[in-house]
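Undergrad: Chains as they are written, first to last, in my numbering: chain A, 1 to 331; chain B, 1 to 265; chain C, 1 to 284.
If you are wondering where the hints come from, they were derived from the structure by calculation, not from laboratory data. Here the structure is a predicted model, which means the values were calculated and not measured. Where is the CB? At the ideal position from N, CA and C, for every residue including glycine. Among the hints, a few may not be true.
Label-pair ranges, simulated between beta-carbon atoms [as the list claims (entries may be wrong)]:
id, chain 1, residue 1, chain 2, residue 2, range
1, C, 41, B, 75, 51 to 57 Å
2, B, 257, C, 277, 35 to 41 Å
3, B, 99, C, 58, 57 to 63 Å
4, C, 186, A, 122, 53 to 59 Å
5, C, 121, B, 99, 42 to 48 Å
6, A, 126, C, 263, 54 to 60 Å
7, B, 264, A, 108, 32 to 38 Å
8, A, 126, B, 257, 37 to 43 Å
What follows is the residue order along each chain.
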Amino acid sequence: MRPTQTPHTLDVQGLRITLPGTARPVLDGVDLHVAAGETIALVGESGSGKTLTSRSALNLLPPGAVVEGAVRVRGEDVLTMDTDQLRALRTSAVAMIFQDPRAALNPLRRIGDFLTESVTLTGTMGRADATARAAELLRAVGLNDSVLRKYPGQVSGGMLQRVMIAAALMGDPALLLADEPTTALDVTTQAEVVALLAELRERFGTGLLFVTHDLDLAAAISDRVYVMYAGRIAESGPAEALFARPRHPYTAALLASTPRLEAPQGRLAAIDGQPPDLRQELPGCPFAARCHLATEICARQAPEPQPAPGLPRHQAACHHSDRLEGSPVDA
Amino acid sequence: MPEYALEAVGLQRTFGSVRAVDDVSFALPEGGSLGIVGESGSGKTTTARIVVGLEQADDGDVLVRGRARDVRGRGRARRLARARQVQMVFQDPYLSLDPRTSVEQVLRETLRLHFPGADHDRRVRELLDQVGLGSRAADARPRQLSGGQRQRVAIARALAVKPAVLVLDEAVAALDVSVQAQILNLLADIRAETRIGYLFITHDLGVVRCVTDDVIVMRQGRVVEAGPTAEVLATPQHPYTRLLLESVPRPGWDPEAIAAARRAL
Amino acid sequence: MTAVLTRRPGLAKIRTARSPLYLLCLGFVALVTAVALLAPWLVPYDPNAIDLGNALAGPSPDHLLGVDAAGRDTLSRLLLGARTSLLGPLGVVVFSTLAGVAVGMAAAWRGGWLDSVLSRSTELVFAFPGMLLAILIISIYGEGLIAPVIALSIAYLPYVSRLTRSLVLAERARPYVSAYQVQGHSGLQICLRHVLPNIAPVVLAQSTINFGYALMDLAGLSFLGLGIPALTPDWGRMVFDGQTAIQHGYPLSAILPSVFIVLTVVAFNVVGERWADRVARRTP
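Looking at chain A on its own, in the form it has when it is part of the complex:
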């Protein structure tokens, strides 16, 4: 850590997680940080480790996981916290929004109870104060107080996701983890929720880690993007740079294979094959088997993240980044 600077809201360094019964780590040396008030998108396909990475900020890891590296929230290491510290962390410093709001809510309890529950149980707020704050936050997410008395079954999915966001803000968190918060929603509702998150970030100064499989959505909303593949960060950098000039063949291929409104009609540039599964050891680059730039070194040696020339924040873990330069990629 750099003692002269204020610590990042979230700082993940060299995170490596190994699960029992697998041939390789699920996360292999993940480095990632979220500065105060920053929106970061973590993009990857299923099994890439994006959800596990975001959950590590709450120390919510699967049983039997062997963890190396450090996960710091505002300078404090989450991985070494005891139960009480963790509970304090989860009720105040870090909050999480899930993909399916309906599955994350108890259908038999009123929304008001759900909102006030965690703060009153931990004693950080009295009942009346908590209700007042819940009402205020509901207004902030564009709902009115009457929702407090409703049950989850009585409101729509989009409204419910707003309730989840309000609930996440109850403890006034420094960091919001949003795991595919709009995937279960319609496109028009998605826009609304994203607009809301952006507005709240400005108002409350919360750092946001937005986990998604949708590259376009990531580009549209975030300051910086991390692209994950098979438990490693393939590429990271400012959203515009990463999309205009991807430096990792995986990012480039992902961009090319997304069906888009602007792209020419006809066949998509699909990526052949499948992501490697956990039973398979990966001594080299995890993408090598599907990569058209791969050479002999790729299978042998895992590439380290290298900055793009003149752009220290745009990094890609690829032996052949330079050969991608100038290749036509319609973003």
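Start from chain A and add chains B and C according to the hints.
TA: Showing chains B and C alone in chain A's frame:
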């Protein structure tokens, strides 16, 4: 030869007081591909289920190659005839296969039912080949396969019947982007090869653009816009279609303006 | 999965115990089954041979577990009694499972009026005490194992059919069932080939639990002198016959069958619930 593979005329369906499908008509040319776009609650899935016969319409007709589809008739012959008109691929590849049945068994069951006495070994190999699955996958159970592979099995199972029309209900929505592209390409190849008609139900405009010739946009049970896909996406006439198009995330995207437009609509 | 196995309360504490108990119970179930199968070759005496001179004798090298008030060898009766005592519940379980699955599946699959009729009529059976029904049927058909087995099968049928119905409803909502319908398979084919194998483990686990309860109910009936003919060796009947011996201070011939009834019921329950739990964990 009749012009249309599939025609729907004035389909109606109400659930209680909700008009899930309200006077929906469309036509799918032989070997064509028609997209139905809409959000949840638009009635697109109910429409698809009426077409395949999993749901009954209160009113209206479904015609396959010019002949009214017999959706109520019982008995083996009618059941099989129905199956050969329209087949379906479901959204969730994890739930649309029986967890206890292997890939080969899935295909054999269907072949035995529809083509008793034919050479099933050859046809199973043909089908697996057609959807890009090696014969090694034949013995696998669904849980040993990835999402994309399962969806290939589901497509092979539908093709085994040799239907006139294939209904794809959000068939690529649950897949990862790289796998989704493989499946979309596969579907395009199969259509070019077999001249099968597609009815493509989706919420994703990018997918619609990629795989359909014509599109209808549904909202709250009604068709709000219909036409050739390229035209509808380039010059949308209905404000709702415009909203849908603007809602697709892209760099420089303004979610707040969309939220405002949605409330105004 | 929304379906919940029907359990009578009382074994909750034992159920939480870990695997040593399960293995013990599994061993006991195997032992009792083996004894029942091999009993005719194991027994030292004819179970109905009367040796009045030895009546109420305690354990001795000749009669390892003593002799009852009528002068019959307790060990022989206990071993052969295992046959009747297990055969009865087996009949109950087989019949109630087959009929219950058929009824539950038909109700769930067809729905509508058939569901209403079947569900209401199973509820009617629920409301009517099984023992009373058994006594009624026995009073019509007279002695024999068939009457109580049929009566209890009817009494146990609703437990199985209700469980099956809820399982089939859940399974039916899965898209793979729709997929088979679209493919042109008939409802019966889909039910037998796909739905049934997927719900079978849960239903069978419930049936194992039912086995224990049926054993207890049948023993209760034969204790009352109903169903099992007087001379057939049977644990419930032995408890009844042993009452006088207890009054004379020779409790062995009544207490041993009671102990076996209790142990067998507990063993079947522990094994059944363990299987049920295992199945429940496996299905997402």
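Undergrad: Looking back at the numbered hints, which does the structure fail to meet, lowest number first?
TA: 2 and 5
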